[in-house]
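2 protein chains.
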Amino acid sequence: MNELFSDRINNVAPSFIREILKVASNSSMTSFAGGLPHRELFPIAALREATNKVYEDQGADALQYSNTEGFEPLREYIARRYWEKQGLPISMEDILITSGAQQGLDLLGKVLINDGTEVIIEEPAYLGAIQALSLYRARLNTVPISTEGMVISKLVDVLGRCKPKLMYVVPNFQNPSGITYTKDNREAVATALRDSPTFLVEDDPYGELRFVGSRQPSFRHFLPDKTILLGSFSKTVVPAFRLGWIVPPRPLMGKLVIAKQVSDLHTSTFVQRVLCQYLYDNDLDTHVKTIVEFYDRQCKTMLAAIGEYFPKEIFYTNPEGGMFLWVTLLKKQSSMALLEKAIEKNIAFVPGHPFYVNGGGDNTFRLNFSSAGEDAIHGGIALLGKLIRELPA
Amino acid sequence: MNELFSDRINNVAPSFIREILKVASNSSMTSFAGGLPHRELFPIAALREATNKVYEDQGADALQYSNTEGFEPLREYIARRYWEKQGLPISMEDILITSGAQQGLDLLGKVLINDGTEVIIEEPAYLGAIQALSLYRARLNTVPISTEGMVISKLVDVLGRCKPKLMYVVPNFQNPSGITYTKDNREAVATALRDSPTFLVEDDPYGELRFVGSRQPSFRHFLPDKTILLGSFSKTVVPAFRLGWIVPPRPLMGKLVIAKQVSDLHTSTFVQRVLCQYLYDNDLDTHVKTIVEFYDRQCKTMLAAIGEYFPKEIFYTNPEGGMFLWVTLLKKQSSMALLEKAIEKNIAFVPGHPFYVNGGGDNTFRLNFSSAGEDAIHGGIALLGKLIRELPA
Chain A
3 MNELFSDRIN NVAPSFIREI LKVASNSSMT SFAGGLPHRE LFPIAALREA TNKVYEDQGA
63 DALQYSNTEG FEPLREYIAR RYWEKQGLPI SMEDILITSG AQQGLDLLGK VLINDGTEVI
123 IEEPAYLGAI QALSLYRARL NTVPISTEGM VISKLVDVLG RCKPKLMYVV PNFQNPSGIT
183 YTKDNREAVA TALRDSPTFL VEDDPYGELR FVGSRQPSFR HFLPDKTILL GSFSKTVVPA
243 FRLGWIVPPR PLMGKLVIAK QVSDLHTSTF VQRVLCQYLY DNDLDTHVKT IVEFYDRQCK
303 TMLAAIGEYF PKEIFYTNPE GGMFLWVTLL KKQSSMALLE KAIEKNIAFV PGHPFYVNGG
363 GDNTFRLNFS SAGEDAIHGG IALLGKLIRE LPA
Chain B
3 MNELFSDRIN NVAPSFIREI LKVASNSSMT SFAGGLPHRE LFPIAALREA TNKVYEDQGA
63 DALQYSNTEG FEPLREYIAR RYWEKQGLPI SMEDILITSG AQQGLDLLGK VLINDGTEVI
123 IEEPAYLGAI QALSLYRARL NTVPISTEGM VISKLVDVLG RCKPKLMYVV PNFQNPSGIT
183 YTKDNREAVA TALRDSPTFL VEDDPYGELR FVGSRQPSFR HFLPDKTILL GSFSKTVVPA
243 FRLGWIVPPR PLMGKLVIAK QVSDLHTSTF VQRVLCQYLY DNDLDTHVKT IVEFYDRQCK
303 TMLAAIGEYF PKEIFYTNPE GGMFLWVTLL KKQSSMALLE KAIEKNIAFV PGHPFYVNGG
363 GDNTFRLNFS SAGEDAIHGG IALLGKLIRE LPA
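For the record, the sequence lines run as chains A and B.
Take any residue in the first sequence, count from 1 to its spot, add 2: that is its number in this note's numbering.
Take any residue in the second sequence, count from 1 to its spot, add 2: that is its number in this note's numbering.
Misleading hints may appear alongside valid ones.
[Stated by the list, open to error] Capping the alpha-carbon separation at 20 Å, the derived lysine to aspartate or glutamate pairs in DMTMM-like fashion look like this:
1) A:K24 to B:D96
2) B:K228 to A:E5
3) B:K302 to B:E376
4) B:K24 to B:E342
5) A:K24 to B:E71
6) A:K165 to A:D96
7) A:K24 to B:E74
8) B:K55 to A:E58
9) A:K55 to B:E51
10) A:K165 to B:D9
11) B:K87 to B:E295
12) A:K228 to A:E120
13) B:K55 to A:D9
14) A:K24 to B:D63
15) A:K55 to B:E42
16) B:K24 to A:E74
17) B:K228 to B:E189
18) A:K165 to B:E74
19) A:K291 to A:E42
20) B:K24 to A:E95
21) B:K24 to A:E71
22) B:K165 to A:E5
23) B:K24 to A:D364
24) B:K55 to A:E51
25) B:K388 to B:E310
26) A:K55 to B:E189
27) A:K228 to B:E5
28) A:K24 to B:E95
29) B:K24 to A:D63
30) B:K165 to A:D9
31) A:K302 to A:E42
32) A:K334 to A:D364
[Claimed, not checked] Selected chain A positions facing chain B (Cβ under 8 Å, derived; list incomplete):
33) F7
34) S8
35) S17
36) L38
37) T53
38) K55
39) Y67
40) K112
If you're looking for bench data, these hints aren't it; they were derived computationally from the structure.
All C-beta atoms in this analysis are idealised placements derived from N, C-alpha and C, irrespective of residue type, glycine included.
When you get a sec, could you build the whole thing from the sequences and use the hints?
As structure tokens, this is what we get:
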């Protein structure tokens with residue numbers, strides 16, 4: 003049967019998360035599994051107002067075919083925000099609107115990767131990146147991460163072994179681990195990469211969702227000609243619009259635009275214009291502050307419950323922002339065995355194993371704290387703690 | 003420099019049409035170049051009403067992440083319409099929503115094509131298909147088309163030479179030629195393919211836009227297990243939503259869903275729900291009838307002007323529907339030379355050459371009749387006729 007399909011698609015494992023989400027979509031389930039923004043945080047009224055304004059002021063212009071690069075005022079907004087929030091000199095022309103940041107990965111795969119092209123990813127790594135890079139049959143080299151960021155000695159090892167074309171990282175509130183690269187770690191990563199022909203992909207869907215401290219510098223500051231930025235409105239405004247963007251170094255833009263055109267001509271002009279109207283009529287900072295306060299509270303609730311109910315020798319990360327934290331059980335304990343018991347009690351999470359492309363992580367799992375309510379978080383973690391204590395050590 | 007890029011993207015020629023459209027976007031230009039629906043035909047008020055209803059009735063559900071396959075009521079509507087309009091037994095589960103039909107091609111490339119996989123396309127062929135199939139490095143075998151459909155003897159030749167995995171056709175009001183496969187031709191194509199391991203991709207963005215006669219049977223009637231249907235709302239309702247779909251034979255669906263997930267997770271739930279609300283609250287047939295009457299009038303205006311102003315020995319197609327017709331100049335006349343003169347006079351069209359993957363078509367060009375106004379059509383064709391008479395014969 004597999005002869006029916008391309009080598010490319012046979013190289014992609016079906017998403018285990020997707021299978022868990024199917025189970026977790028049962029409404030009696032307390033889900034720490036997905037990465038869903040909390041539904042109460044969507045700015046419905048303001049989006050509706052923006053939408054009506056677009057119909058009224060732009061009419062047919064908002065409904066016609068459009069250019070591949072994206073709606074200029076939206077790209078201008080994004081460029082300006084890079085400057086205001088991060089001091090990054092990026093102009094409208096540097097930005098290509100994509101259908102979510104996931105599509106940015108697909109376009110990079112199309113444009114940069116041949117069969118066997120060497121690529122570096124984190125261990126554990128974002129599953130959507132593993133899938134996209136696997137589809138284009140990159141050779142995935144993993145570098146472990148710690149609570150500080152990349153393990154530099156391991157990165158240097160890999161760079162000594164091969165010349166990677168691409169390195170993919172989520173340096174802020176990483177998915178799945180919740181860790182953030184320190185400034186020192188970023189500088190060390192940049193130093194290691196400086197003489198390598200490697201593009202560094204900085205995927206930053208959660209960067210604005212910081213609970214404590216202040217933003218660490220983008221790799222674009224350290225490696226301006228080599229850093230490819232991926233961004234998204236899915237976590238800050240609305241996921242269903244599927245609006246993200248990519249900021250490549252200039253020599254890559256032309257081919258990325260061709261790849262985008264071949265993929266789907268352009269991202270919906272209509273949602274681009276609605277989101278743009280929303281951004282010009284509302285203060286995104288105020289909205290982001292609401293999200294941050296909400297998730298910070300949920301995260302604190304989860305951390306407090308873990309402190310109370312999990313055995314003391316269980317390690318977990320303490321995220322500075324984002325939507326996830328990461329639990330490491332005792333060495334011989336299995337998060338898959340835990341999941342089986344948990345599902346019986348109507349609790350879902352994602353075991354760590356699928357985030358490790360070369361195997362491992364069997365005693366780890368990811369907890370999402372953005373989606374469930376506070377009572378459910380407290381109750382769910384209490385139950386999980388009980389189940390962990392029942393696991394063989 | 004090309005070492006920077008993948009072999010895949012280096013295999014895709016930039017779209018010549020895109021370059022012409024840039025020139026044609028000048029507002030003083032009479033454009034017969036693009037394939038834009040006429041902007042006066044967008045059902046703005048009804049879409050606006052549908053949008054407000056979605057905000058009101060569905061709220062956060064319409065703004066959250068969603069499943070990869072697409073919004074079920076929309077898929078049910080599409081399935082029902084296949085049954086009502088074409089007698090095709092297709093169920094909701096057979097339909098995967100894509101970001102325009104173009105993305106259907108990208109997903110097929112991902113799932114079915116290896117480097118060098120043999121594929122058949124029409125000559126001349128839709129440029130977006132040439133690009134998508136080239137990206138995945140298919141080997142493109144061309145079969146010429148006539149005003150009846152595929153030239154069967156040539157199709158049989160190609161099938162004798164190789165075992166194509168895929169064949170891509172636009173049997174109704176083909177892009178670029180405007181021709182429609184006759185029923186006899188469809189039967190002959192199906193007979194030729196019956197014992198071949200070839201999937202037939204039937205791309206049908208214009209099928210509903212028929213001016214005369216009645217719909218010819220889909221290949222799905224003749225080759226139900228081998229035909230892959232691509233569809234789109236871009237020409238019947240609104241292009242900017244980027245909503246299309248793919249109906250594969252069942253064994254292909256699982257991998258296509260994985261490919262879709264890797265590409266962009268899912269198509270915007272929001273626009274899916276808005277379009278679905280529009281379709282349930284309005285009669286699409288009534289709206290399509292308005293479009294058909296409009297384009298039929300525009301087409302007749304263009305044909306009358308061609309009859310009046312073009313030299314008698316120039317051949318052109320007489321489309322039964324859709325948005326395009328196709329002109330063949332005398333053997334040694336160059337449509338590229340004509341374009342240069344035409345642009346100077348503020349008239350744009352697309353020369354035929356880019357639609358021929360193996361070269362040729364230098365004396366052909368495509369005219370779009372959906373987008374310009376009737377006066378502009380008359381005046382533009384008159385001028386083109388004058389320029390053609392000035393070409394060396």
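For each hint, the structure was consulted:
1. At most 20 Å may separate the alpha-carbon atoms for a hinted pair to count; K24 of chain A and D96 of chain B meet this at roughly 19 Å.
2. The straight-line distance between the Cα atoms of K228 of chain B and E5 of chain A is roughly 16 Å, inside the 20 Å bound, and the hint therefore holds.
3. A C-alpha spacing of about 10 Å is found between K302 of chain B and E376 of chain B, which places the hinted pair at or below 20 Å, so the restraint holds.
4. For the given pair, K24 of chain B sits about 15 Å from E342 of chain B by alpha-carbon distance, which is consistent with the 20 Å threshold.
5. For the suggested pair K24 of chain A and E71 of chain B, the alpha carbons sit about 13 Å apart, so the restraint of at most 20 Å is met.
6. Pair hint K165 of chain A plus D96 of chain A does not hold up; C-alpha atoms about 26 Å apart against a cutoff of 20 Å.
7. This hinted pair checks out: K24 of chain A and E74 of chain B have alpha carbons roughly 15 Å apart, not beyond 20 Å.
8. Between K55 of chain B and E58 of chain A the CA atoms are separated by roughly 16 Å; this keeps the pair inside 20 Å, and the hint holds.
9. Taking the CA atoms of K55 of chain A and E51 of chain B, the gap is near 13 Å; set against the 20 Å cutoff, the hint holds.
10. Restraint check for K165 of chain A and D9 of chain B: the C-alpha separation of about 18 Å stays at or below 20 Å, so the hint holds.
11. In summary, the hint linking K87 of chain B to E295 of chain B is supported, as the alpha carbons are separated by about 19 Å, within the 20 Å threshold.
12. With a CA separation close to 16 Å, the supplied pair K228 of chain A and E120 of chain A stays within the 20 Å bound.
13. Taking the CA atoms of K55 of chain B and D9 of chain A, the gap is near 45 Å; set against the 20 Å cutoff, the hint is violated.
14. For the suggested pair K24 of chain A and D63 of chain B, the alpha carbons sit about 16 Å apart, so the restraint of at most 20 Å is met.
15. Between the alpha carbons of K55 of chain A and E42 of chain B the distance comes to roughly 19 Å, so the proposed pair stays at or under 20 Å and holds.
16. This hinted pair checks out: K24 of chain B and E74 of chain A have alpha carbons roughly 15 Å apart, not beyond 20 Å.
17. Taking the CA atoms of K228 of chain B and E189 of chain B, the gap is near 14 Å; set against the 20 Å cutoff, the hint holds.
18. For the proposed pair K165 of chain A and E74 of chain B, the alpha carbon gap of about 46 Å is over 20 Å, so the pair is violated.
19. Straight-line distance between C-alpha atoms of K291 of chain A and E42 of chain A comes to about 14 Å, which keeps the hinted pair within the 20 Å bound.
20. A distance of roughly 16 Å separates the Cα atoms of K24 of chain B and E95 of chain A; the hinted pair therefore holds under the 20 Å criterion.
21. Note on K24 of chain B and E71 of chain A: the hinted pairing holds, with a Cα-Cα distance of about 13 Å set against a maximum of 20 Å.
22. Proposed proximity of K165 of chain B and E5 of chain A is supported: the alpha carbons are some 14 Å apart, at most 20 Å.
23. For the suggested pair K24 of chain B and D364 of chain A, the alpha carbons sit about 54 Å apart, so the restraint of at most 20 Å is broken.
24. The suggested pairing of K55 of chain B with E51 of chain A holds, with an alpha-carbon distance near 13 Å, which does not exceed 20 Å.
25. The suggested pairing of K388 of chain B with E310 of chain B holds, with an alpha-carbon distance near 11 Å, which does not exceed 20 Å.
26. A distance of roughly 51 Å separates the Cα atoms of K55 of chain A and E189 of chain B; the hinted pair therefore is violated under the 20 Å criterion.
27. A C-alpha spacing of about 16 Å is found between K228 of chain A and E5 of chain B, which places the hinted pair at or below 20 Å, so the restraint holds.
28. Among the hinted pairs, K24 of chain A with E95 of chain B is consistent with the structure: their alpha-carbon atoms are about 16 Å apart, no more than 20 Å.
29. Annotation: proposed proximity of K24 of chain B to D63 of chain A holds, straight-line Cα distance about 16 Å (limit 20 Å).
30. Simply put, K165 of chain B and D9 of chain A have alpha-carbon atoms about 18 Å apart, close enough for the 20 Å limit, and the pair holds.
31. Pair hint K302 of chain A plus E42 of chain A holds up; C-alpha atoms about 19 Å apart against a cutoff of 20 Å.
32. Between the alpha carbons of K334 of chain A and D364 of chain A the distance comes to roughly 8 Å, so the proposed pair stays at or under 20 Å and holds.
33. At about 6 Å, the closest approach between the beta carbon of F7 of chain A and any beta carbon in chain B falls short of 8 Å, and the interface hint on this residue holds.
34. For S8 of chain A, the interface hint holds, since its Cβ comes within 8 Å of a Cβ in chain B; the closest pair sits about 5 Å apart.
35. Contact between S17 of chain A and chain B, as hinted, is supported at the beta carbon level, the nearest pair being about 6 Å apart and thus within 8 Å.
36. Interface hint at L38 of chain A: satisfied, since its Cβ lies 6 Å from the closest Cβ of chain B, which is below the 8 Å cut-off.
37. Here the hint on T53 of chain A is kept, as its CB sits about 6 Å from the closest CB of chain B, short of 8 Å.
38. With 8 Å as the threshold, the beta carbon of K55 of chain A stays out of range of chain B, its nearest partner Cβ sitting at about 11 Å, so the hint is violated.
39. A cut of 8 Å between beta carbons decides the hint on Y67 of chain A: the least distance to chain B is about 5 Å, and the hint holds.
40. At about 6 Å, the closest approach between the beta carbon of K112 of chain A and any beta carbon in chain B falls short of 8 Å, and the interface hint on this residue holds.
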